[in-house]
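Got chain L sorted already, so can you dock chain B onto it with the hints?
Heads up: the sequence lines are chains L and B, in that order.
Anchor point for the first sequence: position 187 equals 215 in the working numbering, and the numbering is continuous, going up by one each time.
Anchor point for the second sequence: position 320 equals 348 in the working numbering, and the numbering is continuous, going up by one each time.
Where hints are given, some of them may not hold.
Copies of the same chain are indistinguishable here, so a pair counts whether it falls within one copy or spans any two.
Pairs of lysine to aspartate or glutamate, EDC-like flavour, derived with a Cα cap of 20 Å [said to hold, decoys possible]:
1) 252 to 294
2) 450 to 432
3) 407 to 455
4) 33 to 92
5) 100 to 240
6) 396 to 455
7) 43 to 110
8) 435 to 381
9) 55 to 73
10) 100 to 81
11) 55 to 65
12) 57 to 73
13) 100 to 90
14) 32 to 332
15) 93 to 81
16) 195 to 264
Since the hints were made in silico from the structure, they are not lab data.
For clarity, every value in this text was computed on a predicted model and none was experimentally measured.
2 protein chains.
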Amino acid sequence: MSIKKVIPRLPSGFKELLPSHQVIFEKFKRQISSTYESLGYIPLETSNLELTEVLLAKGGGETEKQVYSFTKGKNNLTLRYDLTVPLARYVSQNYSQLTFPFKRYQIQKVWRAEKAQKGRSREFYQCDVDILGNTSVVADADSVFAVYSALKSLNIPKFTISINNRKLVKEILSFLEVGEQSTEILRIIDKLSKIGKSSAIEQLNTLVKDREKSLKILDTFTLKGDFMKIESIIKECSLEGSEGATELQSLYNLLISMGIDPDYLEIDLSVVRGLDYYTSSVFETFIDIAVNYGSIASGGRYDDLVNYYSNQRLPGVGMSIGLTRLFEVLLELGTLPEVSAVSTRVLVCALSEEFNSLSAEILTKLRKENINSQVYLGKNLSLNKQLDYANKSKIPYVVILGEDEIKSGLVTIKNMESGEQKTINLEETISLLQS
Amino acid sequence: MSIKKVIPRLPSGFKELLPSHQVIFEKFKRQISSTYESLGYIPLETSNLELTEVLLAKGGGETEKQVYSFTKGKNNLTLRYDLTVPLARYVSQNYSQLTFPFKRYQIQKVWRAEKAQKGRSREFYQCDVDILGNTSVVADADSVFAVYSALKSLNIPKFTISINNRKLVKEILSFLEVGEQSTEILRIIDKLSKIGKSSAIEQLNTLVKDREKSLKILDTFTLKGDFMKIESIIKECSLEGSEGATELQSLYNLLISMGIDPDYLEIDLSVVRGLDYYTSSVFETFIDIAVNYGSIASGGRYDDLVNYYSNQRLPGVGMSIGLTRLFEVLLELGTLPEVSAVSTRVLVCALSEEFNSLSAEILTKLRKENINSQVYLGKNLSLNKQLDYANKSKIPYVVILGEDEIKSGLVTIKNMESGEQKTINLEETISLLQS
Numbered sequence: 029m030s031i032k033k034v035i036p037r038l039p040s041g042f043k044e045l046l047p048s049h050q051v052i053f054e055k056f057k058r059q060i061s062s063t064y065e066s067l068g069y070i071p072l073e074t075s076n077l078e079l080t081e082v083l084l085a086k087g088g089g090e091t092e093k094q095v096y097s098f099t100k101g102k103n104n105l106t107l108r109y110d111l112t113v114p115l116a117r118y119v120s121q122n123y124s125q126l127t128f129p130f131k132r133y134q135i136q137k138v139w140r141a142e143k144a145q146k147g148r149s150r151e152f153y154q155c156d157v158d159i160l161g162n163t164s165v166v167a168d169a170d171s172v173f174a175v176y177s178a179l180k181s182l183n184i185p186k187f188t189i190s191i192n193n194r195k196l197v198k199e200i201l202s203f204l205e206v207g208e209q210s211t212e213i214l215r216i217i218d219k220l221s222k223i224g225k226s227s228a229i230e231q232l233n234t235l236v237k238d239r240e241k242s243l244k245i246l247d248t249f250t251l252k253g254d255f256m257k258i259e260s261i262i263k264e265c266s267l268e269g270s271e272g273a274t275e276l277q278s279l280y281n282l283l284i285s286m287g288i289d290p291d292y293l294e295i296d297l298s299v300v301r302g303l304d305y306y307t308s309s310v311f312e313t314f315i316d317i318a319v320n321y322g323s324i325a326s327g328g329r330y331d332d333l334v335n336y337y338s339n340q341r342l343p344g345v346g347m348s349i350g351l352t353r354l355f356e357v358l359l360e361l362g363t364l365p366e367v368s369a370v371s372t373r374v375l376v377c378a379l380s381e382e383f384n385s386l387s388a389e390i391l392t393k394l395r396k397e398n399i400n401s402q403v404y405l406g407k408n409l410s411l412n413k414q415l416d417y418a419n420k421s422k423i424p425y426v427v428i429l430g431e432d433e434i435k436s437g438l439v440t441i442k443n444m445e446s447g448e449q450k451t452i453n454l455e456e457t458i459s460l461l462q463s
Numbered sequence: 029m030s031i032k033k034v035i036p037r038l039p040s041g042f043k044e045l046l047p048s049h050q051v052i053f054e055k056f057k058r059q060i061s062s063t064y065e066s067l068g069y070i071p072l073e074t075s076n077l078e079l080t081e082v083l084l085a086k087g088g089g090e091t092e093k094q095v096y097s098f099t100k101g102k103n104n105l106t107l108r109y110d111l112t113v114p115l116a117r118y119v120s121q122n123y124s125q126l127t128f129p130f131k132r133y134q135i136q137k138v139w140r141a142e143k144a145q146k147g148r149s150r151e152f153y154q155c156d157v158d159i160l161g162n163t164s165v166v167a168d169a170d171s172v173f174a175v176y177s178a179l180k181s182l183n184i185p186k187f188t189i190s191i192n193n194r195k196l197v198k199e200i201l202s203f204l205e206v207g208e209q210s211t212e213i214l215r216i217i218d219k220l221s222k223i224g225k226s227s228a229i230e231q232l233n234t235l236v237k238d239r240e241k242s243l244k245i246l247d248t249f250t251l252k253g254d255f256m257k258i259e260s261i262i263k264e265c266s267l268e269g270s271e272g273a274t275e276l277q278s279l280y281n282l283l284i285s286m287g288i289d290p291d292y293l294e295i296d297l298s299v300v301r302g303l304d305y306y307t308s309s310v311f312e313t314f315i316d317i318a319v320n321y322g323s324i325a326s327g328g329r330y331d332d333l334v335n336y337y338s339n340q341r342l343p344g345v346g347m348s349i350g351l352t353r354l355f356e357v358l359l360e361l362g363t364l365p366e367v368s369a370v371s372t373r374v375l376v377c378a379l380s381e382e383f384n385s386l387s388a389e390i391l392t393k394l395r396k397e398n399i400n401s402q403v404y405l406g407k408n409l410s411l412n413k414q415l416d417y418a419n420k421s422k423i424p425y426v427v428i429l430g431e432d433e434i435k436s437g438l439v440t441i442k443n444m445e446s447g448e449q450k451t452i453n454l455e456e457t458i459s460l461l462q463s
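Isolated chain L (complex conformation) (with noise of 0.2 Å):
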């Protein structure tokens, strides 16, 4: 009976990886984990699926748009698109059992119908650190911190964190006397690196009505380095001492002493993240050779997180990476690792049914000695077969079970990269093995 047959494929906008690239997403999102939890964040996963009316309590804008929403029987249920909201409805949901400062990690997928493009998936993962229930600067360090740390771990080329604080930008705006203005200043610079400075200047140009005062504000904005480099745009503007300048010089300093390597920290004064609850530090990430791949990592401290669901105030500060976009972004540049799919040592090769029990046992043998092994599970049990499987799987061993083998009680081992092969006992087999 032939069956109607219908094409394999993922709705656009979704991908998925082939195994040689899952095996190294797979090490990547483990490294993140424990990278989290051993600077003492713990797990958490939230429900894929929540209530439309509890998600979008905030509302409107862009984000209601991009959800996936469904109803089903008398609920109207919607996928979640970040990790931050639902952390939210969940702090208040169990805020009388779980403990204060709330620092938790979470590595989940999200989901945005964004227009499909380049380097946009519509499922990603993101892999979020938070602290809620503080106000420390020491927490905003201790978030980017965790961030710098975890990726750092995942031997990724060299990238920069860049910080600053919006209340420092608001500070200096309201000194050049444009603070009126400061949402659309920052808009304007928020997108300067696309559009450029001329651009930005034409902008700025229509909006302050004073060229002299335009190009004051891009020069201003378009600093970057260690704290030194903008410690003397403080003092033009008199703001030695203000909130905002002290903030960026503590948190500079703090990173510094927690030992990030100063090579991978900066101060952009033009870092401002369009999210408008961002009320103070912000934080994003470049890759340095792939800075038009857009951030990778970001963040900031906003004022209250949970204000629709709960009266209690839960001020905090967080940051996440865009895995999915991180891993696009590698496998662009070809920086990923080659690593075989397989943790496989050594496969077994019975060249015969009749020995599968002999086979079973010597697995057990190298198994116990915690050597990972595997028996061929093919239905021909053709030696080439065999090693052909060994070879596409990259596998770096076979011993070889056939009825010479049998006979004389030995095996024959092979190393299938130099294709060096001997005819040995179990004992001498593992310890090479293990060598």
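Relative to chain L, chain B alone:
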């Protein structure tokens, strides 16, 4: 400005874990994946959303009623309800780029809009292993051994994996001359544990209209034990050397050769598994002291997984741990280990903000020695607040930095369990924490 509050809650049938449980759940997931990997299974993740026409290519039945489907733009999308159909789709889609036999594991959530009831979540984790592109009983043994090893690694209460073979069941029914009614009989046998023996007898009698035969069927299919235990039935039915008997015997013997503790394995002729796509081996797993909670891991061999997507024929075998279900059972049994949600060994308590950079440096030194440590991030830096946080978070040690300590260049370290504390230098602190 007061904001209208929305009650923070989840849709009915959805659950989340508190941190102290989440941390165990994460450990379980990691333990299972590392066991699967050590046995040569490669990791796979598929998209959570699928095109409905692709996912439901097979169509019909209960499945369609239980899925979460919706329209977005031009597409009708569905959240996956198991990991097997997406595997079939993935393998057909990427056929030429995979190595066969294809051994993969997959630990992801699935969604089913089942009637909300105790022990049934609408969102739950499955942890699958499958081997595609083979017909050897060695593969059946491989998948059962993978699940056995994974469950053993979790240190859960004693469980039993029940194996059976549908071919043998059919052979026995043919011998008893009720082969024509095998589907109905299998349905009765399948629910035996739910309906009880006497009700089963009634139903069988209604079907075969022969009380003695009904008793014989029931006697046969309630046999359980090692292969010896069912050998007499096989002889009685003249099924020595039949396909089903041979496969079941090989599977049992192979599993013992691979090192499965015989106490954890039994042949149970009543295990037939409801789903109709299994063709020979079938597996189910129960925790001995919680049989009524249902199977925590099951699977079997199927003839062809991809026939809706491809002309390739891909017979395979697989088994899946229902991790969410298992976790709920362990919670109910009260056998989950008590662990700290935080993996932090020491909390560094600065008693004043001016010691922030000093505490950052101490933190860095502790972390360099691989001692998981964090600083207290709350606003109120009173010692009591900080000790309370350490206590609630089950952090075993605190290091205190106050005026006295700074002056003397020493730190005070306190054992949170014994209450013992001493003032020593940092080197001594490090060796104390490492011991």
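Against the structure, the hints come out as follows:
1. 252 to 294: Within. Shortest intra-copy distance 6 Å satisfies the 20 Å Cα cut-off; inter-copy 69 Å does not.
2. 450 to 432: Intra 13 Å, inter 69 Å, cutoff 20 Å: intra-copy only.
3. 407 to 455: neither (29 Å within a copy, 61 Å between copies)
4. 33 to 92: between (36 Å within a copy, 19 Å between copies)
5. 100 to 240: This pair counts as neither: shortest intra-copy Cα distance 59 Å, inter-copy 49 Å.
6. 396 to 455: within (12 Å within a copy, 39 Å between copies)
7. 43 to 110: Both, since 18 Å and 18 Å are each at most 20 Å.
8. 435 to 381: within (16 Å within a copy, 76 Å between copies)
9. 55 to 73: both (19 Å within a copy, 13 Å between copies)
10. 100 to 81: Answer is both: 14 Å inside a copy and 19 Å across each meet the 20 Å cutoff.
11. 55 to 65: both (15 Å within a copy, 12 Å between copies)
12. 57 to 73: both (14 Å within a copy, 13 Å between copies)
13. 100 to 90: between (24 Å within a copy, 16 Å between copies)
14. 32 to 332: between (55 Å within a copy, 15 Å between copies)
15. 93 to 81: within (14 Å within a copy, 24 Å between copies)
16. 195 to 264: within (17 Å within a copy, 87 Å between copies)
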